[in-house]
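Protein chains in written order, with my numbering: chain A, 7 to 145; chain B, 7 to 145; chain C, 7 to 145; chain D, 7 to 145.
These are computed hints drawn from the structure, not numbers from a lab.
The structure displayed is predicted, hence computed values, not measured ones.
Just so you know, not all the hints are guaranteed correct.
Note: identical chains are not told apart, hence a pair may lie in one copy or across any two.
Below, simulated DMTMM-like cross-link-like pairs (lysine to aspartate or glutamate); rule was C-alpha separation at most 25 Å, straight line [claimed, not checked]:
| # | residue 1 | residue 2 |
| --- | --- | --- |
| 1 | 105 | 138 |
| 2 | 58 | 86 |
| 3 | 105 | 86 |
| 4 | 131 | 60 |
| 5 | 129 | 68 |
| 6 | 105 | 123 |
| 7 | 91 | 68 |
| 8 | 58 | 17 |
| 9 | 58 | 126 |
Number of protein chains: 4
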Amino acid sequence: MLTSRHQVTVEWGHCDPAGIVYFPNYFSYFDNSTNALFLRALGFNKYEMLRKYDIIGIPLIDVGARFILPSVFGDLVTIESSVAKIGRSSFRMQHRLLKGDALAVEGHEIRVWAGRDPADPDKLKSRPIPAEVVARLSG
Amino acid sequence: MLTSRHQVTVEWGHCDPAGIVYFPNYFSYFDNSTNALFLRALGFNKYEMLRKYDIIGIPLIDVGARFILPSVFGDLVTIESSVAKIGRSSFRMQHRLLKGDALAVEGHEIRVWAGRDPADPDKLKSRPIPAEVVARLSG
Amino acid sequence: MLTSRHQVTVEWGHCDPAGIVYFPNYFSYFDNSTNALFLRALGFNKYEMLRKYDIIGIPLIDVGARFILPSVFGDLVTIESSVAKIGRSSFRMQHRLLKGDALAVEGHEIRVWAGRDPADPDKLKSRPIPAEVVARLSG
Amino acid sequence: MLTSRHQVTVEWGHCDPAGIVYFPNYFSYFDNSTNALFLRALGFNKYEMLRKYDIIGIPLIDVGARFILPSVFGDLVTIESSVAKIGRSSFRMQHRLLKGDALAVEGHEIRVWAGRDPADPDKLKSRPIPAEVVARLSG
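Input sequences plus hints: build the corresponding full structure.
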């Protein structure tokens, strides 16, 4: 499956009075990484993706994380993200935040490929992930 | 002119490693307060406002703040916001953050009443603020 | 076990270009709620708690959430939080975000009662949760 | 005076329901840039700087920004920051956010070199900026 790695600098404003990354920000790091992986896999950004496939987005239905080591302002950490599983209309991203070689945070996201519900345009309805997207995400 | 006051609890995640409110969050407090004042003045929320007046939003063109006293996690502060000036297509909000009676932060926002540019729908174009909105904001 | 309920207004800046709450912000809502519950249970805030019990904090080791219904700017939602389980040096918070009576988000946090490691003051070490804290959190 | 330039990707979570950068985030971009410039100028990060010079921080006393062009998710923008003026115990940072060659946001920060007040350790007191720091910031 497709994997991407990139580096993130922990900024002052990402950290809390304990001096460590305020944990919701880890989910932003992971979300940014998922978006970057899609951009690289599909060759166009989220807006173009939404237009091209007539979807509303790839909203999350389940996320989780385990926090093993804290990170502080100035740390340069590595985010390693991969598509762990692709179902009919949902997929699972696996994320690891590394400090050097040490695993500091481990997380996952389950997202759905979602369009408007034809029966009620205010609602979302999952749709089959197009074969070409599956192929690209499979590396 | 219209004035509103409400209280905000400084949350853990609003603060930085120095233990004080990370300053960009003060602008969120002020933005929330402007939105609340509009809701109260017009009787409908931002989405309804955009639809009713066929505008894109009330984007900011200029903001500023002076920081006098820091605030820390757990502080219950007062945000006092008022419409300071209404022009043809822009208006000025004045904000004060108070700790007890002491002025801790003072800020302003200049916003425009903006619709789509008929000549280029990707661009914004300022529009005259409707008379009924001016009347409501004038208290 | 102790339960608390309070209301949160979904602010403009909490939402993303899809118009819905940017999911990491749900974890901030839950974190704020845990802090509020502790304040109510113990009668003093996080700083006083850290001083009194000579701990560094109650850092998270595991969090997760399921997203069932989206929320948008202007929604007034209810956060219902409870202490679900108290172990020797860790505890589990359970959170529910309700829109009216409908469950919109469900989440948990596992936190540890942590002090400095006497062997290495740069590290944290879990400590037994004091009996009086256990009693208060048990309602 | 010292100037730094670096690029920032506008992330999904930085943007609001209007699809544009939520304006307080511009101040985070600028703050990150000030921190990066100091790191480069002094050769050590904020924590080391605080320790070495026995200060509490370089808190802001005044900030402002003018918003000229919006930015959206996926934009790769340039932040150009420079030390515009150094006084005895305060200094002014000037920031420009560029989209290609176009100026999109212009901002400033006035910060003080602050230590603990010897008369009251809970308060801050401005201190003279050390000559070697002035020399480094002057490029």
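A quick look at each hint next to the structure:
no., hint, result
1, 105 with 138, "neither (35 Å within a copy, 33 Å between copies)"
2, 58 with 86, "neither (27 Å within a copy, 35 Å between copies)"
3, 105 with 86, "within (11 Å within a copy, 29 Å between copies)"
4, 131 with 60, "within (12 Å within a copy, 29 Å between copies)"
5, 129 with 68, "within (18 Å within a copy, 31 Å between copies)"
6, 105 with 123, "between (43 Å within a copy, 21 Å between copies)"
7, 91 with 68, "both (14 Å within a copy, 22 Å between copies)"
8, 58 with 17, "between (35 Å within a copy, 20 Å between copies)"
9, 58 with 126, "both (21 Å within a copy, 22 Å between copies)"
Violated hints for the displayed structure, listed by number in ascending order: 1, 2.
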